[in-house]
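J.: The sequence shown begins at 15 in the numbering used here and counts up one residue at a time.
Among the hints, erroneous ones may be present.
[Unchecked claim] The calculated EDC-like cross-link candidates involving lysine to aspartate or glutamate, where the alpha carbons are at most 16 Å apart (straight line), are:
{"id": "1", "residue 1": "K70", "residue 2": "D128"}
{"id": "2", "residue 1": "K70", "residue 2": "E28"}
{"id": "3", "residue 1": "K83", "residue 2": "E134"}
{"id": "4", "residue 1": "K40", "residue 2": "D128"}
Honestly, the hints are just simulated from the structure, not real lab data.
Quantities reported herein were computed from a predicted structural model and do not represent experimental measurements.
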Amino acid sequence: MSNSRKECRKTSREQQIISAFLNLVKDNNYATISITQIMNQAHITRTYFYQFFDNKQALAQEAFFSLIKTVFDNLSDAIINTKKINRQNTLNAVTFMLEHKSEMLLLISFQSKDFNFQTEFQDRISTIIRQQINSANNQSPQNLDYFANVFAASMMATISWFLQRDNVNATTVVNLIDSCVSKGMASIIE
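Just need the whole structure built from these sequences, with the hints factored in.
T.: Pasting the structure below:
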């Protein structure tokens, strides 16, 4: 599946398959979920499943990226356009992560010999950020590349850190993100 295909808006049928998969992941071990179970949950045929996804791993990747994309969309726009966060959008993003924490934790832990979670999603987020900034601002390629890579790595680290803690609330995460974006990362430990 090409990167441009991955970044396209999901069709309602594709989203239906992803939703069915996420519902199954809530109650079942990833390894035990079969394509047949996903088909039954989504009320589709095997042929229809394979029109969208090559296998269960490809579905898992897209399912997680669809969750991350919701978080990402809430954060990136404000940062690119105003150079600071929109607290309400950021709170919405963090609340979304809380609501989908169990699915995100299961999917974030998924690894295979052909798939590196961190690299895959950092690359995808970095590509989207480059496109968004390039269309909004006229930046040098070097600055654009650096910012996109740092933003993507920071976003993935924040998501991973937040998901692995039970005692951190949404407001605390929003305050940390706001401080990091508006005052620089060193401000967090001042």
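J.: Hints the structure violates: just list their numbers, smallest first.
T.: Checked against the structure, the only hint that fails is number 4, while the rest are satisfied.
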